[in-house]
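Enquirer: Make one complex out of these two single chains by using the hints.
Read off the chains here:
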Amino acid sequence: MVYLVLDPAMETFELVAAGHLPPLLIDPSGEARFVWPPPGVPLGALPNAMYRSQTCPIPTGTVVLLYTDGLVERRREVIDDGLERLRVLAEGAEHVETLCASLVEHLVPEAPDDDVAFIAVRVPPLPDQLATRWRATPDSLAPIRYLLRRWLAARGATEQEAYDLIVATQEACANAIEHAYGPARAHFELAAGYDDGLVTITVTDTGRWRAPRGENRGRGLPMMRALAETVDVRQTDGGTAVTLTQRLGTPA
Amino acid sequence: MTVLANIVESRRGDVAIARIDGEIDASNVSWIEERLRALVTNEAEALVVDLSATTYLDSAAVALLFELAADLRRHQQELRVVVADGSPIARVLEVTAITGAAATHPTLDAALGQQAGS
Chain A
183 MVYLVLDPAM
193 ETFELVAAGH
203 LPPLLIDPSG
213 EARFVWPPPG
223 VPLGALPNAM
233 YRSQTCPIPT
243 GTVVLLYTDG
253 LVERRREVID
263 DGLERLRVLA
273 EGAEHVETLC
283 ASLVEHLVPE
293 APDDDVAFIA
303 VRVPPLPDQL
313 ATRWRATPDS
323 LAPIRYLLRR
333 WLAARGATEQ
343 EAYDLIVATQ
353 EACANAIEHA
363 YGPARAHFEL
373 AAGYDDGLVT
383 ITVTDTGRWR
393 APRGENRGRG
403 LPMMRALAET
413 VDVRQTDGGT
423 AVTLTQRLGT
433 PA
Chain B
56 MTVLANIVES
66 RRGDVAIARI
76 DGEIDASNVS
86 WIEERLRALV
96 TNEAEALVVD
106 LSATTYLDSA
116 AVALLFELAA
126 DLRRHQQELR
136 VVVADGSPIA
146 RVLEVTAITG
156 AAATHPTLDA
166 ALGQQAGS
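Chains as they are written, first to last, in our numbering: chain A, 183 to 434; chain B, 56 to 173.
A portion of the hints provided could be inaccurate.
Said to hold, decoys possible - Just so you have them, the derived chain B footprint on chain A, three or more residues with Cβ under 8 Å:
1. 265–271
2. 323–335
3. 402–413
Stated by the list, open to error - Not everything, but these chain A residues come out facing chain B in the computed CB check (under 10 Å):
4. Thr319
5. Val349
6. Gln352
Derived from the structure by calculation, the hints contain no laboratory data.
Note that the Cβ used here is the ideal one computed from N, Cα and C, for glycine as well.
The following block holds chain B by itself, in its conformation from the complex (with noise of 0.2 Å):
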């Protein structure tokens, strides 16, 4: 079976931070959601999912975004999404309206510049 997606996983702070690279859909979403929980201990404050490299992610990851948010979110914890502007995944984080769930930045750095609950 080809390789869809890859997770670069890392740490800066209380933010767990990890890079999906390829591709999610119904096939490896179960994958890369047992990926995700893992890295969020309770000491973390947030999450965030770093899209800039992945490039494509249909409903099903959609659904596992808007689930970790609400997961998070219950445990005081947060749910923060990179996206590139105008790249062809933000659009579908466009229709899906992402954005109600968990907070969307531009780059890394912005995601990692905002503090908790700002």
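Chain A with its partners taken away, still in its complex shape (with noise of 0.2 Å):
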């Protein structure tokens, strides 16, 4: 058995394998290897077994496959022929449908042995261009930063660049959330878009922008103004848009 947690907005996978031939990874250039797992006994063979688990960057674009043995294994024939051919056979594949439908064709048996099952999964490329929509509770607050994360790291954005316009979008974010309305199943929209190093943010709701209150509170468009270049708060009779935008590759 193979048992992979797969975390695309960390862009890493778990792996942990009991008797189990090893993934094969894709990289989005074309490259195939396989991943060698701790080794682990099959299920069952041992009372006690110990299994240990692997953690593995998969970067976007990447290809997973997990096959079983009745895919690569022949009749008199060492196994790593076969785990060769399906490495061969796999290179270069974009497209998950047409690895599965190359895999159907050239390497399962028209009268197999063993029975025979494979998985292929892609973590998807983000589109320069991202329309979304969340609820207006805190509990977004984590999942619209993974997918900044990833969304920046791959228009090129350093560490901190990353950091302070995931930090300023946020406040944004917690405004609309915070401030915009009273009623449960309220939602707000996030937009990004990159032109030739130029990140746009847009966080629309439907509310009006509360100044805040307390002593303690009111340090989010102070924070917007200083990690994003332009901020741009507008009030509309249908709510309120913040946008920012961020020059990469500008020292702060």
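Expert: This is the structure we're talking about:
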């Protein structure tokens, strides 16, 4: 058995194997390689077996392929030959559909000796333009951060640039969540655009921007201004739109 | 729900130490506030909030630090913040001028080496 937990937000997966062949990773450049997890005996083979997991990075665009031994094992052949046949066939694969079709065509025998199963997963790259909608609750903040982290990293933002923009964006989101409206089931929208080094992020809600109250509140707007190049708060009949821009590659 | 942050508590003499591993935002800041306030006993001379392993914080966390600093000062106690030089969160603390309310130190050792009131 092989068990894999994929975390697209952090671009990692955690893997544990119990007497299973190694997953195949096809990176965005098309290069295919096996990931050998810490060895573990098959489930049920030993009463007190211990299993260790391994965490691997999986950059956007990478394909992960899990398969049973029926796909690679042939009689009168060492397993390494079967694995290499799979690796070479999978190299260059960009789409999971075409990869799976090619595996069925070339590696699944007409009358298999063993059962054959495989799963191909790809973390798709995020487009230059993002349009997303979120529930107006604090629980939305973390997933928004993880999404923006991936999106900004793919656009070449440094860690500090990404961090500053994410904090600034989250301040706008926090305002939409905290002040925008009373009733439950409210939503707000977050759009992000990238054009030739310029990042524009807009947070739109359907409520009114409310001046924060209390001595230790109201750091949101000054923080946005300190962390992003431009901050524009626009009040309309329909709600509030906060637009942040930042040119990547300019020292803070 | 995913766990955003984990607080590791310890004590060195009369100083309470809380290391916050992970992320702080509006969704978990009240939980963190509760834990931090529970750490400060009457005898404690200072609370050290160690942010060396904190990967994210926003204005909700900054507001908490300011409130804690003010409350501790009122009781002749002290808030010390550990933040690694050059870390992404250092910049957020810098733009919010937290240094005006609490002493910041680059390492836990530096925070513990400093005597209260100095």
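Enquirer: Hint by hint, note whether the structure agrees.
Expert: Hints, verified against the model:
no. : hint    : result
1   : 265–271 : violated (count 0)
2   : 323–335 : holds (count 3)
3   : 402–413 : holds (count 5)
4   : Thr319  : holds, 8 Å
5   : Val349  : holds, 5 Å
6   : Gln352  : holds, 5 Å
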